[in-house]
Each structure stands twice: as C-alpha cells, then as structure tokens.
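J.: So the protein sequences, as listed, match chains A and B. No gaps in the numbering here: position 305 of the first sequence is 305 in our numbering, and each next residue is one more. No gaps in the numbering here: position 134 of the second sequence is 528 in our numbering, and each next residue is one more.
Take the hints with a grain of salt, since some may be wrong.
A partial selection of chain B residues facing chain A, derived with a Cβ cut-off under 7 angstroms [unchecked claim]:
id	residue
1	Phe425
2	Thr426
3	Ser590
4	Pro742
5	Cys743
6	Gly754
7	Pro784
8	Leu787
9	Glu789
10	Gln842
11	Arg877
12	Tyr880
13	Ser881
14	Ile883
15	Arg888
Note that these hints are calculated values from the structure, not bench results. Because the structure is a prediction, the values reported are computed rather than measured. Backbone N, C-alpha and C fix where the C-beta goes; we use that ideal spot for every residue, glycine too.
This is what each chain is made of:
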Amino acid sequence: MREDTQAAALASLGGATPLRLHNLLEQRSVGEAFEAVESGSLGSAVAPVEVLAAWQRELKGIDLNALSEGLDAAGARVTTLGDPTHPVQLVNDIDPAPVIFGCGTLPDPSLAHVAVIGTRRASSIGREVAREIGMGLAEAGVVVVSGLALGVDGEAHRGALLAGGAPPLAVVGSGVDVVYPKRHRDLWEGVVAAGAVLSEAPLGGRPEPWRFPARNRLIAALSDLVVVIESRASGGSLLTVEQAIRRDVEVMSVPGSVRNKAAEGTNQLLVDGCAPARDVVDVLVALGLSQTALATRRGSADAGVADLAVADLAVADLAVADSAVVDRSGSSVRSGAVDAKGAAVLDAIDDGPTSMDEVVDRSGLGVLEVYAHVEELVAAGLVVHDGSRIRRQY
Amino acid sequence: MLASIPSSTLDGIDGAAVDVEVHVTNGLPAFTIVGLPDASCREARDRVRAAVESSDLNWPMQRITVNLAPTCVRKVGAGLDLPIGLGILAASEQIPLESLSDISAVGELGLDGSLRPVPGILPMVDVLKTDRVIVAAADAGVAALGAGDRVRPVRRLRDIIDVVSEGLPWPHVEPPRCDDEVADEPDLADVRGQASARWALEIAAAGGHHLLLIGPPGGGKTMLARRLPGLLPDLSAEAARLVTRVHSAASIRLPGSGLVRRPPFRAPHHSASMAALVGGGSGRVLPGEISVATEGVLFLDELGEFAPSVLDGLRQPLEEGVVRVARSGGMREHPANVLLVAAMNPCPCGEGGSVSCRCGPSARMRYSRRISGPVLDRLDVMVHVDRPSPTALLEREPGEPSSAVAQRVARVRELALSRGARTNAALNREQLEDAAPLEPEATDVLHQALTDGRLSARGAMRVRAVARTIRDLDDAGPTLRARDLYSAIGFRVRPPMGSFDA
Numbered sequence: 001m002r003e004d005t006q007a008a009a010l011a012s013l014g015g016a017t018p019l020r021l022h023n024l025l026e027q028r029s030v031g032e033a034f035e036a037v038e039s040g041s042l043g044s045a046v047a048p049v050e051v052l053a054a055w056q057r058e059l060k061g062i063d064l065n066a067l068s069e070g071l072d073a074a075g076a077r078v079t080t081l082g083d084p085t086h087p088v089q090l091v092n093d094i095d096p097a098p099v100i101f102g103c104g105t106l107p108d109p110s111l112a113h114v115a116v117i118g119t120r121r122a123s124s125i126g127r128e129v130a131r132e133i134g135m136g137l138a139e140a141g142v143v144v145v146s147g148l149a150l151g152v153d154g155e156a157h158r159g160a161l162l163a164g165g166a167p168p169l170a171v172v173g174s175g176v177d178v179v180y181p182k183r184h185r186d187l188w189e190g191v192v193a194a195g196a197v198l199s200e201a202p203l204g205g206r207p208e209p210w211r212f213p214a215r216n217r218l219i220a221a222l223s224d225l226v227v228v229i230e231s232r233a234s235g236g237s238l239l240t241v242e243q244a245i246r247r248d249v250e251v252m253s254v255p256g257s258v259r260n261k262a263a264e265g266t267n268q269l270l271v272d273g274c275a276p277a278r279d280v281v282d283v284l285v286a287l288g289l290s291q292t293a294l295a296t297r298r299g300s301a302d303a304g305v306a307d308l309a310v311a312d313l314a315v316a317d318l319a320v321a322d323s324a325v326v327d328r329s330g331s332s333v334r335s336g337a338v339d340a341k342g343a344a345v346l347d348a349i350d351d352g353p354t355s356m357d358e359v360v361d362r363s364g365l366g367v368l369e370v371y372a373h374v375e376e377l378v379a380a381g382l383v384v385h386d387g388s389r390i391r392r393q394y
Numbered sequence: 395m396l397a398s399i400p401s402s403t404l405d406g407i408d409g410a411a412v413d414v415e416v417h418v419t420n421g422l423p424a425f426t427i428v429g430l431p432d433a434s435c436r437e438a439r440d441r442v443r444a445a446v447e448s449s450d451l452n453w454p455m456q457r458i459t460v461n462l463a464p465t466c467v468r469k470v471g472a473g474l475d476l477p478i479g480l481g482i483l484a485a486s487e488q489i490p491l492e493s494l495s496d497i498s499a500v501g502e503l504g505l506d507g508s509l510r511p512v513p514g515i516l517p518m519v520d521v522l523k524t525d526r527v528i529v530a531a532a533d534a535g536v537a538a539l540g541a542g543d544r545v546r547p548v549r550r551l552r553d554i555i556d557v558v559s560e561g562l563p564w565p566h567v568e569p570p571r572c573d574d575e576v577a578d579e580p581d582l583a584d585v586r587g588q589a590s591a592r593w594a595l596e597i598a599a600a601g602g603h604h605l606l607l608i609g610p611p612g613g614g615k616t617m618l619a620r621r622l623p624g625l626l627p628d629l630s631a632e633a634a635r636l637v638t639r640v641h642s643a644a645s646i647r648l649p650g651s652g653l654v655r656r657p658p659f660r661a662p663h664h665s666a667s668m669a670a671l672v673g674g675g676s677g678r679v680l681p682g683e684i685s686v687a688t689e690g691v692l693f694l695d696e697l698g699e700f701a702p703s704v705l706d707g708l709r710q711p712l713e714e715g716v717v718r719v720a721r722s723g724g725m726r727e728h729p730a731n732v733l734l735v736a737a738m739n740p741c742p743c744g745e746g747g748s749v750s751c752r753c754g755p756s757a758r759m760r761y762s763r764r765i766s767g768p769v770l771d772r773l774d775v776m777v778h779v780d781r782p783s784p785t786a787l788l789e790r791e792p793g794e795p796s797s798a799v800a801q802r803v804a805r806v807r808e809l810a811l812s813r814g815a816r817t818n819a820a821l822n823r824e825q826l827e828d829a830a831p832l833e834p835e836a837t838d839v840l841h842q843a844l845t846d847g848r849l850s851a852r853g854a855m856r857v858r859a860v861a862r863t864i865r866d867l868d869d870a871g872p873t874l875r876a877r878d879l880y881s882a883i884g885f886r887v888r889p890p891m892g893s894f895d896a
C-alpha cells in the first residue's frame, strides 16, 4: 500500500488536527502509524481514547483504493515530514505540519518567498495595491505566498499571475480539490498551473473555520517576509502577523488612510514598529534583492538620475507593449491592431482605472475613434475595459 | 316617447360606439340606467337632472329608462352625460326629436349645465360617424383631429337647446392657443464635457438603440436622458395621431394644438407596478407608461431599484413593439415602440470605479446582478457618465446644440426607413445582411470577439446594427469597417460590471 494514500487516510480522520497527527507520526513511519490506528494499539498520549476509538472505526470504512484514485484524479500529492518533497520551510518549523496535500509544482525553495495578505473586504485601493505588489514581486522573481481568499489575497495572486514571473504559492483552508471561494476558480486553476496550492485539509475537506488560523501559520512559516496590505483592527491577517513574529519573519505594513476602516489594523502595525511598505520597491529593498530598485527610489530624489530612470522605464514600457503585440499577433486583426493612433490611445491609458473621456481628452482623437481603438487594444489583450473604466493590462 | 342618441365610450385606447336610448313613459317617477354602466356612468342620473333643471328646462316627472347599447361593452366615465340629457329632453318632447337626427354627443355635464371635457375624446370621436359631433368646448381642438369640421363645440347644455329648438347658429368657440411644444425640450448645448455620453445619445437617437447610462449620482444621467427626445425628429402624421390617442385615453395633458407632434418623454418612478408600466387596471384597461411613451423615450432612472418582475415584464413589449394586456374582460393590444433609456449607479454607494468607493466586492456583485441578463441584453449602447471635470463645467463655450445633432439623427433615420425598418435597431437578420455587409477585416473582428467570448451570438447581431448606425453617422458608407465594429463593441454592455475589483 502506498504510504501517501495511508497518510491521506490518516489526515482525513475526524478531529485529526496537525498536533494529533504530529503526535502520531513523530515516532512512527506512516505505515506503522496506520497499522497502530487500525489495531487500536495507541496510548492516550496521541489523542484522547475516545477519539482513537472513533479513528479505528472510521479507518475501517475508508476505501484506500478509491482514495488513491481520488488523489490521482485531483492531481494531488501527499507528503509527510520525512519526505524529501515536503516543503523544506516546514521541516523545522515550531508548529509541525505533518501531512501536506499539494497540487501543482512547488516553487524552488531557494527563491525568496513573500506573503502578501490582507482583509477580504479590501477597499478598491487596497485591491489595486495588492495586485501591483503581487505583480512587482513576481516580476522580480519572488514567490508570492497567499491564501487565495477574496480581497487582498486573491488580488496579490492575480497580479503575480499577470506578471508571469516567479511561480505563485497558495495555502488554502479547504481541501486542494475544493475551490473556495468559488468565485476564484479561474485564479485557483491559474495558481495550480503556474505554481502550487497547498493545504493541510484532506481531499474534499470543507473550509471549516478552524482551518484558517492553521492555514495562516503555514503562510507565515513558508515566507521570508510578510506584507500586510489592509487589515481591520481585529482581522485574521493579524493572526498571520503573530505567527510571523513567533518565527522571526519580518513583517511590513502598507500605510492606509486614517479614515479607512480597512486599514486600522495595518496602521496599528506601523505604530507598533513594523516597517512601512509603500510599494514593491520597499519590499524588494527589505529583501535585499534590488539594487536597481533602490537606485530608482533614490533617483526620484535626484532630478538628474530620475530623468534617466524615467527614460529607462519608458523604454521598458515600450518593450513590454511591443512584445505583447508580437506575442499575440496570431491573427491579422491582432498584428494590425496597434497603429500610430492606437499607440497614442494606449499612451493615454493609465495603469489605474481611466475613463473614456480622459482618454479622449489626452489623445485628442474623436470619441468614436477612441472607442474603436480601445476595443482593438482590448482584443489585443493590452487593456481591460469593464464598461466603466479602462486600464492597461500586462 | 323614445329617443336614441349616438355616442361612444372608451375601451382601452380605442373608442366603442354606444347608442344611448331613452324611454320616457307614464308611471311612478323613476330614473334607471341599464346596459353595463360603471359607477361614474351610473352617477349620471344626479348630474343630468341638476344640469337640466339649471338650464331652465323641465325634468319630466315620469318613468325614465336609459339603455346603453350594446349592453355587452362596459361603459366608463361621464362622457355619456350629455347624450343621456339630450335623449331625456327629446323623449319628453322639450326639443324636437327630428332636430337631433344625425347628431352625436360626448361630454360630461356639470350641475350648472356646463359641459366638461372627458379623457379619451380623440379615440371616442373616431367612432362617431354622424354629420355633427357635439363635444365640450375644451375638447374642441383634440376632437377636431378625429372629426374635423363635423365637431360642434359648446360650452353649456343651454347652447344646444338654443340651436336645435330656436334655430340659432352653432356658437363660435375660440380655438385654444397653440403653444410651442419644442420650446419645452431642454437643449444639448447645456451639457458641458461628457464627450462619450454625447455620442452615446446620438447613436441611441439615430439608430433607436436602447441606452444604458451608468455613473455616480450628480454625473448628469437624468440631464442627458431628458435631452434625448430633443434629438428625435417630429412624429410622422400617423405616429402623432397614435400618440395623441394614447395620451388622450390616459388623461395626459395634450399640447395646446391638440396633436402631440414631439416624441413623448416618460420617466416613471422606480416604485412603479407592473400595471403602471405595461398597462392594466381593473375594469378599464389603462395604457401603461411604456404605451404612453410610445414613439418617444421611456426613461427608467435607478434601474436597479425597479422590481425585477416589473423589468422582466418589459422584455416582450421591447421585443415586439406592442404590449398585450389580458384581463378577464378581454385582451387589449397597446403600442409600445419606445426608445428605452436606463440609468443606474455603478454600485450601492454610487462611487464605483473611483477611489472613494466604499462597497465590498460582494455588494457590488449583488448590485449588478439585480438586473436580469435578458434585460441588460436589450440595452445595445452603454456609456459611463462621470461627473464633469471642473474645467468642463466652467467652460463658457456651449456644447453642440440639439438642433445640429438632430439633423444628423434625422438623416440616419431616413436611411433606416429606406432599408425597410423604422430604425437601424429594428433591422432584422436578413435586412442586416443586405444593409450592413462586413468588410473582411470587420468579419475578423466579429470572429475574434465571438471566439474570445466577448460577444454572444445575439450580441454580435446587435453590435452589427449599432455599427451600421455608427457608419451612417460617420459617412454613410455601404459596408461596415473593422473600426465601426470596434466602436460598437466598445459601447456594448459588459455584464460583470466593476470586474476590476471583483
């Protein structure tokens, strides 16, 4: 019998918390532990006697073959602490994570890992910042670790996927085959395709409330640095921060408006002494990753250098736009899409939400012409138009 | 003695001929009205008696029976007061019976013997075929649209007696003053900035495409919508008559000249019921707002606040241009050829898309889901209306006036007529194939949008119609270019609104 199937079976037992699983597996191999539960030969040091009795009954009802097929069907792998493929960051963690389910490919552990977390009910600015930071980190080759939740978490991953740089890593509170929240199905699948989704919950595991604080500890354990974007005064993100502090992981906080309820927690973190993160450059500098980023930041204080930096950025910008056009020039429409006027319209569109009238004003073209060019750019995948606003897409 | 006076009553927005038969005979004094009168019609007994006595005439102390034939049609309103009164006077031999030959009458009597106007006078006189049609002086203008010089307007019952028994000429009634309807319509020149919204209005007006305005409160959505009728051409003679009939039946104040020449603008409040919007009511079937706005603009402000069932009730009328209201008394078909303009906020707080938005993603999602997809699908042009920038507001230069835009609109509408449809939006699939051939690049554009899932099959048809309008507004070239289609797709409604933040 495959050990991973047995481990999956053990993790799916009712009340199999990480701590109990750790007690069970600390001194035993998975096979031994499985037999011990099956034969009822365990002492109450592992778990209360009635729980062990329940496990024994439950284990008899589990069809290991079906479970094994289920794992394969979900494309999920199970690793335990002893496995060489178990996430290395978790091996010596203070709160052991004995059994981990995973989908996708684990990012190279030698890459820097940064958690980008925050409230589910983020303001539109918070979501925008999350996306930008996610994008910037991935571009700089940093693994974005987050929870795939609504709001900040999801946006951070969305940004990382858009950038297409370093692979993203998600730790979720439900089973790796249970997409939660459902609205993030595309994002979830994107993360699995580009990076990995990890969970302690068994296959088919519901997103039970107690799973989320446990999930937060894994996010903290997997990361070299935690960036909190928006958090209410008593938000779940602050639990992650606590876990990060227990592990001596640096925490950075994005300053928010003092009138923004969603930024009360993050502003309190700043008061408590966290380093502020104004943008991705601050984070990269804290990671010691970015000489160029630092130069850009310093340059903005120095007019001469700033011009140079801006010029460089503009060139980079064009290169991005060009490559996008070339990449997507599958059909004649697409390659022909961006002519001189199209480029002028593209120039008039910000990275942030821009209104049609603003584009009309800036480009100096007629309204119908602007609508036509914007739609061409949408077709070419260079901008997004949600009916109200347009923004660039990279 | 027996007298019979032709008259009519209102049935939906149509007139129904009624013969008022009056029988006066010896017996205990009594006054009964039979023949399915409604309450206001039955009350005629008291009004007619007082009016007769106030006009220095005698009330016969005999047995009076009034029959309203045909008895199967429900008689509504007080318009039958006058024929009942005339019938009683003739049957009691106070006026010569033969003097009333070839006279019909419609009007409400006051207790002092004066004659009052009644709603629906136009459809009602339409069914009266006599040489002379007596109506209240206040109804003269509108009635003349139906009966021309057969109309005999009078101010009081006594005037009629003077003519028929004394041989005096019909009294001269000054025709009501004509006010200039157009002067009431607000002008597009008042709108500062709003470049995209102006174009959206022009496209909607020119092609008859239903329009959705989205934007924060104070952005000017209502202001823009009110300027839409001013861009539409005058109603054709036929349409003007139809609209006047509907307005007359719905008791809406008609312009001084009687005939509604300008497209109507109706803006029902979002608490409107299904019956108020599509028509109905118990007993008499009244035209709903969608019929009152026919040939004009129906403006639904705060679209998200309308009851979903009411909005869904608009789907069939918008599709077919008529609304069929079925009641126990039968089915009525009312016109419903409206240009629908809907306005809504982008999210509950109204600031959606800008940095000050306080709504959570799920609140925004719920808000945009309040409007059913099939309703959104019928809105062909969407535009985001932002608050105008301060510079645009302080601009002294007025915008392009409505009259200039209206000229372009009229030209495009004529093109649509030459293609065999009322508007470009009404072109059916075959007509579109003929009238809106695609250039090869344009086919690619549609193909790409369909493949990417940015357009549905139905959406592609609608886009093609809008693109036809856009090309017509531009240079009226025969084929559709890629850019025309791109512009049309750009103006298309995108269902998951606020998707940046979801």
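J.: Next step is simple, just say for each hint if it's right about the structure.
T.: Cross-check of the supplied hints:
At a threshold of 7 angstroms, the smallest CB-CB gap from phenylalanine 425/B to chain A is about 66 angstroms, leaving the interface hint violated. Interface restraint check: threonine 426/B against chain A, minimum CB-CB distance 65 angstroms, threshold 7 angstroms, status violated. Hint status for serine 590/B relative to chain A: holds, with the closest Cβ pair at about 4 angstroms, below 7 angstroms. With a least beta-carbon distance of about 14 angstroms to chain A, the hint placing proline 742/B at the interface is violated under the 7 angstroms criterion.
Given the 7 angstroms rule on beta carbons, the hint for cysteine 743/B is violated: about 11 angstroms separates it from the nearest Cβ of chain A. Hint status for glycine 754/B relative to chain A: holds, with the closest Cβ pair at about 5 angstroms, below 7 angstroms. The beta carbon of proline 784/B comes no nearer than 13 angstroms to any beta carbon in chain A, farther than 7 angstroms, and the hint placing it at the interface is violated. The beta carbon of leucine 787/B is not positioned within 7 angstroms of any beta carbon in chain A (closest approach about 13 angstroms), and the interface hint is therefore violated.
Proximity of glutamate 789/B to chain A is violated relative to the hint, the smallest CB-CB distance being about 12 angstroms (cut-off 7 angstroms). Residue-level restraint check for glutamine 842/B holds (minimum Cβ-Cβ distance to chain A is 5 angstroms; threshold 7 angstroms). For arginine 877/B, the interface hint holds, since its Cβ comes within 7 angstroms of a Cβ in chain A; the closest pair sits about 4 angstroms apart. For tyrosine 880/B, the suggested interface contact is upheld, since its CB lies about 4 angstroms from the closest CB of chain A, less than 7 angstroms.
Interface restraint check for serine 881/B: the shortest CB-CB distance to chain A comes to about 4 angstroms, inside 7 angstroms, so the restraint holds. Of the supplied interface hints, the one on isoleucine 883/B holds, with its beta-carbon coming within about 5 angstroms of a beta-carbon of chain A, less than 7 angstroms. Nearest Cβ of chain A to the Cβ of arginine 888/B: about 4 angstroms, under the 7 angstroms cut. The hint holds.
The structure shown violates the earlier hints numbered 1, 2, 4, 5, 7, 8 and 9.
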